[in-house]
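So you can see what is in the structure, the chains are spelled out below.
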Amino acid sequence: MSEQGETGEAITILLVEDDAPTCWRLQDALVKAGYEVRSAGTLGEARQALNSGAPRVLLTDLRLPDGHGIELIREMRQRCPDTEIMVISALGDEESVISAITVGATGYLLKDAFPTDIATTVRDLVAGHSPISASIARFIVRRTQGAAQTSAEPPPGPVLNTAKLTPREIDILWGIAKGFSYAEIASHLGLSRQTVPGHIKNIYRKLEVHTRGEAVFEAVQQGLIKL
Amino acid sequence: MNEIAAKATIRPRRRLIASRLAPYLLLQVLIALATILGLRLLQPSDPEDFALGGISLREDGAAHPVTLPHFTSSRYSLANPPLYTGAFTFRNSGAGWSVYLPRFSNAVEVAVNGIVVLDSRRDSNANRPDRNTPQIAAVPASLLHDGSNEISVRLFVWGPLKGFLDTVYVGPDAALRPAFETRTLLFVTLPVVFSAWQSILAVILAIMWLMRRHEPVYGVLAVAMVLGVVQAFVPPPVPPVTTSRLAAVLLASAPIESALIVVFALLFFGRSWPRYGTLLFLPGVVVFVAGLLGGPPLPRILFLVLGIPMVGICLLVMAGITAAQVVRRLDAASFTLGCAVTIVLICWIHDMLSVFEIMSNERIFVSRLSYSAMLVAIGAGLTWRFARALNQVDGFASQLVTRVREAEERLKASFAREEERARAAALANERTRLMRDLHDGLGGQLVSIVALSERGHEGATITDAARAALKDLRLVIDSMDDIGGDLMLALGSWRERAAMQLRPHDIALDWRVATPQGLPLHPELRPWHVIQIVRILDEAVTNAVKHAQARNVAVTIETLDGGEGPYGVISIADDGKGFALAGEGTSQTARGLRNMRSRAARCGVTFELNSDSSGTRVRLQLPQVFPDSDAAAG
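From first to last, the protein sequence lines stand for chains A and B.
Counting with the numbering used here, you get residues 1 to 227 for the letters of the first sequence.
Counting with the numbering used here, you get residues 228 to 861 for the letters of the second sequence.
One thing to keep in mind: the hints can contain errors.
What the hints assert, rightly or not - Now the stretches of chain A that chain B is said to cover, found in silico as 3 or more residues with beta-carbon under 8 Å:
#: 1; region: 14–22
#: 2; region: 86–93
#: 3; region: 112–126
#: 4; region: 191–205
Hints in this document: simulated from the structure, not taken from any laboratory.
We put the CB at the ideal spot given by N, CA and C, even for glycine.
Starting from the given sequences, assemble the full structure and let the hints guide the process.
As structure tokens, this is what we get:
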């Protein structure tokens, strides 16, 4: 069995993880699911691997021996905008996941996820369904509330610009944070169930800060910086 | 014991009084001596070479020789005044001659060779007995002839004072003029200067009082000064004008002024007003009323009998007040005022002696002059005090600013310290809780992994323990997040974890939120409440997986209202085989059950469990308000 993209070729995955057992585990699960997996243990190896062609999916750990996964994600977004990117995280905590989202990642994969879940998550990702967890959704909506309250001190945790989110998108995030399924959210909000993943993809795109200049522009727009 | 204490305090007090009063009194004696000496030395000298000799006085039809200065009896009629006649020898040297009268009371009419050259009644100020106004008149050369010339002086007297005529000088104007100028300066110009000064101070003090009504001391002094100025500048009526009421006002001014000065001293030194204090004003008022009702000479008599002694009494009272103040405070203000009062008192005594002819003199009255000087000094002192008070206020304000700034700094520092302490305490609390939470779950699971590995176990059991440990770690991290009292947000994450746990076992998770808002908001919800509730839910799910062999787990979340406000209910039902509730007390299930009950009790949750062959149902009824402290921890 082999997972194939729209063109019929095997879907390539670049897996960047410095802990060998974890790397084997994930690789096994993905190879079994029919993906073509290249693995790298360091940032340098990952960059080398990229030279021989862009993968369809990048799965990367954040703490690497020779650098930070965030750098890799940023480079990847600039060089190959079509590549789907996901963070590998042990705990799925907002600190690492949100900072990865702001540079272009869409969601995260737990290191101890069951093999079937790993395969399902990647398949959904390639199909354009960016997964979002309840805790990440919760973090984002709490941050939108925090931005509404004009507090002088920035809230703790990673910087996140939620200004572009529409009320509907925020409603969807609320639903996810409270544990509702996509179907329940769609029926609550009077949407078609199929449109919810698209909304979530949009949310990810809107949370992404493309350049430093854009980040400053956004900050000025939101009144976070006074010129 | 009290008496002993009282005696003990009296003795040093007496000593204190003696030690302060004696030097003060000695100083006053010295000042008195200096004043007397000063009065003697400052007696203006007259050109004795030109004194008129051989005077004869014609009074009441009889003529007899007299020597000047001369007192005549007091009288109340202007008709038929005493007439002094004398002769002088004129030698024509081309220079103009004058007649000079240094002092007289009350008015004179001077005639040379029968022609009147001077009538002082036209100059009302010259007739005032309290002023020592000199008069000079040029004698037209045409009136004079070489040799003996006759001069006559008619002295008009209005009682009750005796009439007085000092030596009359006739001679070249150049020789007489300097003496006249000296006297004019001393007894006319100087009082005017003082009065002008007084009027300015009166205005200043009145303004001060208007702006500071609670300090009547300025007002009192201003009134005293205004009275003095009126008395000095308003020309007194000359006796033929018998109906004038003005005289009464002017006469009453002196006793009223002196009473006001006493009031001023009382206020200035912050003394309480004596019960009969108003009596001080009585003489002045009597003179005033008598002056308004009866015509002259009654007010003048009353003035002499009541007013003048009243001035003396007031001066004595003042001396007493200042002396007491010196003993009490020993400050510069009371000392200076005391010395000034002594000087005025000596001047007053001098005038009294002069009036009663006890002291040989030229009837020069100095009390009014010294009083004016004192008043000016007091006014200047008060103004100085006011300015100093302003400076003090400035200083105080700047001091206050500094103090406030210091206090602010201290407050800020202490606030920062307090905040730091609160933060440290919160951190310590949080650490304790985290430790307990990790100990409850993660710690035990890791130990279990170690034990399993050591015994050579493989695969599934270690995996399960490790997964449980990771799940618990996620739960602890998740529960630390601020969920704003919305338990639904915690349940959302839990749903994901539970689904992940159930998926490999092919158990379906049926998630049903019965009420749209889910659960009520609990602002008092704390992370440790969340952990306890989620652990109960975890235990229920774990039981369903491990022991019940269930195919389906249903979670129902709803808000109920029994009439006493809404409360949340979370139910977990599985379709497993159930278990006997009264089973072995040591089995894992029984221990899990005990744990669930104790966790529920700790956060005020009502826990119900039903189990039979068709499945197990766990019902958690949330409290309306979560308990503040850990109910079962203590």
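Verification of the supplied hints:
1. 14–22: Coverage by chain B is violated here, the residue count being 0 at a Cβ distance below 8 Å.
2. 86–93: Three-residue rule met by the region 86–93 of chain A, so holds; n is 4.
3. 112–126: Since three or more residues must qualify, the claim that chain B covers the region 112–126 of chain A holds, with 5 doing so at under 8 Å.
4. 191–205: This one is violated; 0 residues, fewer than the three required, reach chain B with a Cβ under 8 Å.
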